[in-house]
Each structure stands twice: as C-alpha cells, then as structure tokens.
Amino acid sequence: MTNPPSSPNRPAENRPVQSKPVQRVTVTSPRTRAPRARRPYSGTREINEQSELGAVYMRTLIRAQRRLGLFVCLIACGSLMTLPLLFTFTDVGRVKVMGLGLPWFLLCVLVFPMLLLAGWFYVRQAERSEREFAELVERP
Amino acid sequence: MTHTSAIVAVITVALGTILVGTYGLRVSRTTSDFYVASRTVSPWWNASAIGGEYLSAASFVGIAGLIFAYGPDMLWFPVGYTAGYLVLLTMVAAPLRRSGAYTLPDFAEARFRSRVVRAVASVLALMIGWLYLLPQFEGAGLTLHTVTGAPDWVGALIVAVVVTVNVISGGMRSITFVQAFQYWLKLTAITVPIVFLIGAWQSQGAESLTKPEFPVFREDTTVTFPKTTGVHAEKPVFINGSGVVDGLRIENAGHFLTTGDHVIGENSRFEFPAGAVVPHVHGTGHNTNESWSLPLSSNSPFPLYAAYSLIIATFLGTMGLPHVIVRFYTNPNGHAARRTTLIVLGLLSVFYLMPPMYGALGRLYTPELLMTGQTDAVVLVLPSKMIAGFGGELLGALVAGGAFAAFLSTSSGLMVSLAGVLSQDVLRLGGVRGFRVSTVLAGLVPLSMTFLSTGMPVADMVGLAFAVAASSLCPLLLLGIWSSRITTVGAVAGMLAGGLPALTAGLVTMFTETGNAWYQVLLSRPAAWTVPLGFTVMYVVSLLTPRRVPAGVNRAMVKLHAPENLGLEAGEDRS
Numbered sequence: 001m002t003n004p005p006s007s008p009n010r011p012a013e014n015r016p017v018q019s020k021p022v023q024r025v026t027v028t029s030p031r032t033r034a035p036r037a038r039r040p041y042s043g044t045r046e047i048n049e050q051s052e053l054g055a056v057y058m059r060t061l062i063r064a065q066r067r068l069g070l071f072v073c074l075i076a077c078g079s080l081m082t083l084p085l086l087f088t089f090t091d092v093g094r095v096k097v098m099g100l101g102l103p104w105f106l107l108c109v110l111v112f113p114m115l116l117l118a119g120w121f122y123v124r125q126a127e128r129s130e131r132e133f134a135e136l137v138e139r140p
Numbered sequence: 001m002t003h004t005s006a007i008v009a010v011i012t013v014a015l016g017t018i019l020v021g022t023y024g025l026r027v028s029r030t031t032s033d034f035y036v037a038s039r040t041v042s043p044w045w046n047a048s049a050i051g052g053e054y055l056s057a058a059s060f061v062g063i064a065g066l067i068f069a070y071g072p073d074m075l076w077f078p079v080g081y082t083a084g085y086l087v088l089l090t091m092v093a094a095p096l097r098r099s100g101a102y103t104l105p106d107f108a109e110a111r112f113r114s115r116v117v118r119a120v121a122s123v124l125a126l127m128i129g130w131l132y133l134l135p136q137f138e139g140a141g142l143t144l145h146t147v148t149g150a151p152d153w154v155g156a157l158i159v160a161v162v163v164t165v166n167v168i169s170g171g172m173r174s175i176t177f178v179q180a181f182q183y184w185l186k187l188t189a190i191t192v193p194i195v196f197l198i199g200a201w202q203s204q205g206a207e208s209l210t211k212p213e214f215p216v217f218r219e220d221t222t223v224t225f226p227k228t229t230g231v232h233a234e235k236p237v238f239i240n241g242s243g244v245v246d247g248l249r250i251e252n253a254g255h256f257l258t259t260g261d262h263v264i265g266e267n268s269r270f271e272f273p274a275g276a277v278v279p280h281v282h283g284t285g286h287n288t289n290e291s292w293s294l295p296l297s298s299n300s301p302f303p304l305y306a307a308y309s310l311i312i313a314t315f316l317g318t319m320g321l322p323h324v325i326v327r328f329y330t331n332p333n334g335h336a337a338r339r340t341t342l343i344v345l346g347l348l349s350v351f352y353l354m355p356p357m358y359g360a361l362g363r364l365y366t367p368e369l370l371m372t373g374q375t376d377a378v379v380l381v382l383p384s385k386m387i388a389g390f391g392g393e394l395l396g397a398l399v400a401g402g403a404f405a406a407f408l409s410t411s412s413g414l415m416v417s418l419a420g421v422l423s424q425d426v427l428r429l430g431g432v433r434g435f436r437v438s439t440v441l442a443g444l445v446p447l448s449m450t451f452l453s454t455g456m457p458v459a460d461m462v463g464l465a466f467a468v469a470a471s472s473l474c475p476l477l478l479l480g481i482w483s484s485r486i487t488t489v490g491a492v493a494g495m496l497a498g499g500l501p502a503l504t505a506g507l508v509t510m511f512t513e514t515g516n517a518w519y520q521v522l523l524s525r526p527a528a529w530t531v532p533l534g535f536t537v538m539y540v541v542s543l544l545t546p547r548r549v550p551a552g553v554n555r556a557m558v559k560l561h562a563p564e565n566l567g568l569e570a571g572e573d574r575s
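These protein sequence lines are chains A and B, in that order. Reminder that position 47 of the first sequence reads as 47 in this note's numbering, one-by-one numbering, no gaps. Reminder that position 124 of the second sequence reads as 124 in this note's numbering, one-by-one numbering, no gaps.
Only chain A is shown next, with the shape it has when bound in the complex (with noise of 0.2 Å):
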C-alpha cells in the first residue's frame, strides 16, 4: 500500500535482504477514522489555571495589541510631528493650497479625517485579533 507505483525494480517481497534500503514515503495524514485524542485542556482553562501555555496565549495577544497600538499611533502621530521640522526648516509653509495656505490646509482641513481613518483601521484590526484570540483560546 505504501510502495511508490514509480519505482520499476523494487526488491521482491519474499527476498528480505538488508542491502537496499527500503525507498520512504511520506506520509502526510493520519490516514485514519478513528477521533483524534482530544487535548485535555482548552486555552481558556490554560489561562484560568495560569499555565505556562496559558501565559504564552495572552502574551502573543497583548504583543499583537500592542504593535498594532504602537503602529497606527507611530504612523498617524509620528506624520503629524514631522510637521514643525518642515515648516522650520522648508518653505513649504508658504506653499498655498486651494486658496489657503498649507499649514492651514494640512492642520485645518486633512488632518481630521486622517486621524478618523487611522482609528477606524485600528478598531478594525484590533476586533480581527481579539477574534482569533477567541477562536483559539476556545477551541476545544
């Protein structure tokens, strides 16, 4: 059942000489129907009982957040701080935008909805990993 159809001189079956190493096969499924044993703890008994796997768990779930956190606020903020440098050290203080000048079009006007979207974004993302926290955390 194992023996690859691709091999054209296999040894016979009834000679059991060591010489030729057997050809391997991987096997890549249990090939059975029988249930799987079932892990005797979920993860959220891991974490109630304050395990090891159980620290793992909310470890991988708050450096996630965090990172996340960290990423939309360097982004969103870190853009804005920039800002002062430019208007120090450039001119493009003095550049106009439809009518107004850029300082005033940038702090007035598009900063809001940048900031509105970089919130929606994050709730997005934050509400998909506490998601797959849950799946994980409660799979049986």
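To be clear, the hints were calculated from the coordinates, so they are not data collected in a lab. Only a predicted model underlies this, so the values are computations on that prediction, with no experimental measurement involved. Where hints are given, some of them may not hold.
What the hints assert, rightly or not - Here's a subset of chain A near chain B, in silico, CB distances under 10 Å, partners left out:
1. PRO21
2. ARG24
3. GLN50
4. CYS73
5. CYS77
6. GLY93
7. PHE112
8. GLY119
9. TRP120
10. TYR122
As the list claims (entries may be wrong) - Okay, the calculated beta carbon distance ranges per label pair:
11. ARG249/B - GLY78/A: 53 to 61 Å
12. PHE89/A - THR545/B: 36 to 44 Å
13. ASP91/A - VAL440/B: 54 to 62 Å
14. TRP120/A - ASP246/B: 57 to 65 Å
15. LEU74/A - ARG115/B: 32 to 40 Å
16. THR188/B - PHE121/A: 52 to 60 Å
17. ASN267/B - THR88/A: 52 to 60 Å
18. TYR305/B - VAL109/A: 21 to 29 Å
19. VAL426/B - ARG94/A: 52 to 60 Å
The beta carbon of each residue, even a glycine, is placed where N, CA and C say it ideally should be.
Let chain A serve as the given structure and place chain B on it in line with the hints.
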C-alpha cells in the same frame, strides 16, 4: 456692550442644564447609579457625552483666541486635542474599560494592588482636575464680562453653583444626558454663527485675510482697557479720550501715540480712528496679516521647542484627564469602549473645523482685541461686530449660550470625577452623602483660585493641565497596561518625577510673572522635558526593583487585555 438676548441665552442654558439634570434625578437612586450610570449607556450617547464634556472653554473660546493672536502655530491645539483621542483609542480605551474600575485611582489599585500607588494617582488626578477647572471658571467670568460687563468673579460663581447643584442632585446618570445634550448644543452654537459670518464676509467683498498689512480699525472704535496694558504701536496713531498713557493723565483730550511701546492705564477709554493701524499687546508678534498666516509667527523665542512640547502634552495628556477616564466605565465592554472613542474622534473633528475660522475673521473685524489682550473674547464679539442689528445680536447670544454650555459641561464632568476621587480616597466618606460633601469641596478650591491667577489665555492654562496629565498619569496608564515589569516603586517614582515638575512649572506660570526670561518657555510648556522624565524614571526604577512587581500581575494583565466574553476568571468583580 450689553446684550439682553445674550443674557437670556446664558440664563436659558443654565436653567436648561438644571432641568435636564433634575429629570435624571428621578432615575438615579443607588450609589452605583450616581457614579457611572450603571454602565448602561449606548456608544452614541456616550460619545456625545464625552464630546460634550471634553469641549471646554479652551475649545470653544480659547483656540480661536490663540489662533487670532498667534497664527497657525496654535493650530496644534485642536489637532492635539483630537489626536489625543487616537492615542487613547489605540493604547488605552479597551484595556481601561476592561480593568473594571470607576476612576483612575481605581485603575491604579486594580493594576498594582497597592494603596500607595492609588494614593499618589488620586492626588495627581485631583491636582489635574483643579488645574483644568480653573480656566473653565475664568472663561465663564470672561464670557459674562463680555456680554454684560459684570465683574469676572460673577460668571465663575454662577458656573460653580449651577454645576455643584446639578452634580449633587443627579450624579452621573443625569450628567450623561446633560453632557450629550451639551455637545449638540455647542456644535450648533459654534456652527450656525460661523455660517452667517462667512456669508457676511463674502457679501462684503470677501476681503483677503492675509494682506501684507497690519490689522487696522475698520471704523472709529472706542476701546476700554480693563487693566493696565503694555502695547506696541507699529505706526503712530492719534487717540482721543480719557485715561493714563505712559503715566500721563489725559482728560477728554487727544493724544499722539508714537511708534513703539506704551503703557495704558487701567480703565482708560480711548477712541481710535478708522483706518489706523491697531497697536498690539506686548508679547504678540509684530505681524502683518500675511506674516501672521505663516508658521512660526508667534514670536516665541524657541518656536520649535514650544510646538513639540504642545504636541506631546496634548497627544498624551488626553488619556490622563480624570473626567475623560471616568467616561469609559459607562461602556458595557471593551468593544463598546473602542467604538465610542472612534465616534468621539468624528464628533471632535467636526467641531474643530470651526474655531480657526473665527480666529482668522477676527483679524479683520475685531482687531482691537489684539490691543486689549482679551483675545479669548473673539468668538463672543465677532457676530455682533460683523452683522449689524438684531441678527448679529441673536447670533452673539447663541455663541454666548454655547460658551456657557462649554463651561458648564466640562466643569460638571470634572466635578463628578473629582468628587469621586475626593470621597473615596481623601475624605473616605462613603455613600451618597460623602459624594455630595466632596462635590462642594471640589468646586470651592478652584473658585478661590480664580481670584489669584494672572489672567493668561484659557487654552494655555488648559495646556498646562494636559502637560501634568501627560507627565504623570499617562506613563502610569501606558506602561501599566502594556508592560508587566512595572513595579509599585517604579509607578510611584515615575508619577512623581514627571508630575511634580510639570505641576510646579504650571503653578509658577499661572501665578507669577516670569516675563521674558529664557527659561520661561520651559515653564509654560513643560511637557517636552517632564514627559520623557516621567516615562524613563518609571521604567528604569521598575527594572531596578524587580522584586516589587505586584503579586497577581498576570491575572491583572488577563483582565486588562482578554475579551470579556471568553469566561476567563480575571474579571471576577464584573458587574
């Protein structure tokens, strides 16, 4: 200038606030109701309430005043007040709600299980709250003075009394309704007039706001100087009236004000001719309308430092404000807390489109405020200046009512959270009676402080409260939520190392005249050095005292970060 309709508007807002508050009294009964409305408020209500509470005197009158005087450098105030909510949303909102505590000291105790950390956080929250209440009361005094000519303390007293009565009778549940109502009132009160004002400006020929000329009087203008004022005249101007100029007494006569610095005495009253260049108060830049509209025109000796300090204070300070924090407990769970914050971001974005327009139009229509230094009044004065007759008066009344709503709502929110801190941590008086006693005390302290301060712009004062919050409670929240290494010793050391210098700098700026000393900007905008100090001390001291990591930190982290519906045991006291 006395306007009957403005007085009517102010009285209506005050009475309306009390009425809506009393309506809430019927539904609030238990202690839990009093503090956090039993956490049954929907995200939209909650977000409106947060917006109503957050848009203070600084937002309603202060920002426009600063932009009017100092130009686009001051745009960082509205941007920072809004971006602060993005930082709050991404780093704090959900964990803070999940911590399940009522006030910031509750959070400190839930996370660190230490009475000492709690006590320090309480004292700081109290100080920040008082520092923030003070400009609200001053703003109220200014508004009432502008519309009725009443002495400054009258407005402060009215706001203090209305808010105390309201908080005592209804607690936070009624406050939630009051606050939500206040947001929409404030948005209306600032939007409707500006639409008409822009219309009036357009119909009068849409004069350029950025001409390369100094602001000039549009008509013969009589100006009263409420206190001794140092001014700088860019061009000579011939004035007429009574008062004291450079120590010289003038009685109903003309006087030639030469180019340069002059001191005009208290209660002087002079008429300035139409077309004359407006002298400006000492400390503001020598700006034409064109140079005013460019960045770095604010005449600060270290503009870049000032800008970054302001950015740091406002971006990080929002999360440490006691009245903002307390709102998060009225969300049913962490998800709702996030959604609420996102809606707040939207509500603030809409509101903050308006104040810069008032500031810019003020350069054309109310330039005399540049001379008296009452720049905070620009929002209040502009409607009646630009639109003649009853229409202008009505719009002025609307703005005055909105401004009063701003003082009332922010003060209410602050008072609730301060009273909570006072009754639980300082006076140790439980129950509804303790809460009421604390409310009275929470209002009395800043009311007495209004008699001492030196009349700096309200938005600057609020900026100082933000700086203290950003240097003390912000490190506690951010590091407490995201690092399990922070120890009790580290938390206390960090809060003190950041908070005390910021607080000292703030008090020195408010109550003394530091003039133009080189360190003045370090004191008036302390955040750029106190915030890194607070964070560094908290983290380094924590690493040095690894044995003082609070017991049960893992459980605390589970409680802060795990979604509520998973049946995790961390949230044992969830109600």
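Checked hints:
Because the smallest distance between the Cβ of PRO21/A and any Cβ of chain B comes to about 51 Å, over 10 Å, the interface hint for this residue is violated. A distance limit of 10 Å between C-beta atoms decides the matter here; for ARG24/A the minimum to chain B is near 44 Å, and the interface restraint is violated. Given hint, GLN50/A at the interface with chain B, holds; its Cβ is 6 Å from that chain's nearest Cβ, closer than 10 Å. Look at CYS73/A: its Cβ gets to within about 5 Å of chain B, closer than 10 Å, so that hint holds up.
For CYS77/A, the interface hint holds, since its Cβ comes within 10 Å of a Cβ in chain B; the closest pair sits about 6 Å apart. Checking GLY93/A against chain B: minimum C-beta separation of about 4 Å stays under 10 Å; hint holds. Look at PHE112/A: its Cβ gets to within about 4 Å of chain B, closer than 10 Å, so that hint holds up. For GLY119/A, the interface hint holds, since its Cβ comes within 10 Å of a Cβ in chain B; the closest pair sits about 5 Å apart.
Here the hint on TRP120/A is kept, as its CB sits about 6 Å from the closest CB of chain B, short of 10 Å. The interface hint given for TYR122/A holds, since its Cβ lies 5 Å from the closest Cβ of chain B, which is under the 10 Å cut-off. A C-beta distance of roughly 58 Å is found between ARG249/B and GLY78/A, which places it inside the suggested range of 53 to 61 Å. Under the hint 36 to 44 Å, the C-beta atoms of PHE89/A and THR545/B, about 42 Å apart, fit the expected range.
ASP91/A and VAL440/B have their C-beta atoms about 56 Å apart, which keeps the hinted 54 to 62 Å range intact. One distance hint, 57 to 65 Å for the beta-carbon pair TRP120/A and ASP246/B, holds here, with the actual separation near 58 Å. Between LEU74/A and ARG115/B, the C-beta spacing of about 36 Å keeps the proposed range 32 to 40 Å intact. Separation of THR188/B from PHE121/A is about 31 Å and departs from the stated range, judged on CB atoms against 52 to 60 Å.
Roughly 42 Å separates the CB atoms of ASN267/B and THR88/A, a value that falls outside the hinted 52 to 60 Å. Against the hinted window of 21 to 29 Å, the Cβ-Cβ separation of TYR305/B and VAL109/A comes to about 27 Å, which satisfies the hint. At about 53 Å, the beta-carbon gap between VAL426/B and ARG94/A stays in the expected band of 52 to 60 Å.
Checked against the numbered hints above, the structure violates hints 1, 2, 16, 17; every other hint is satisfied.
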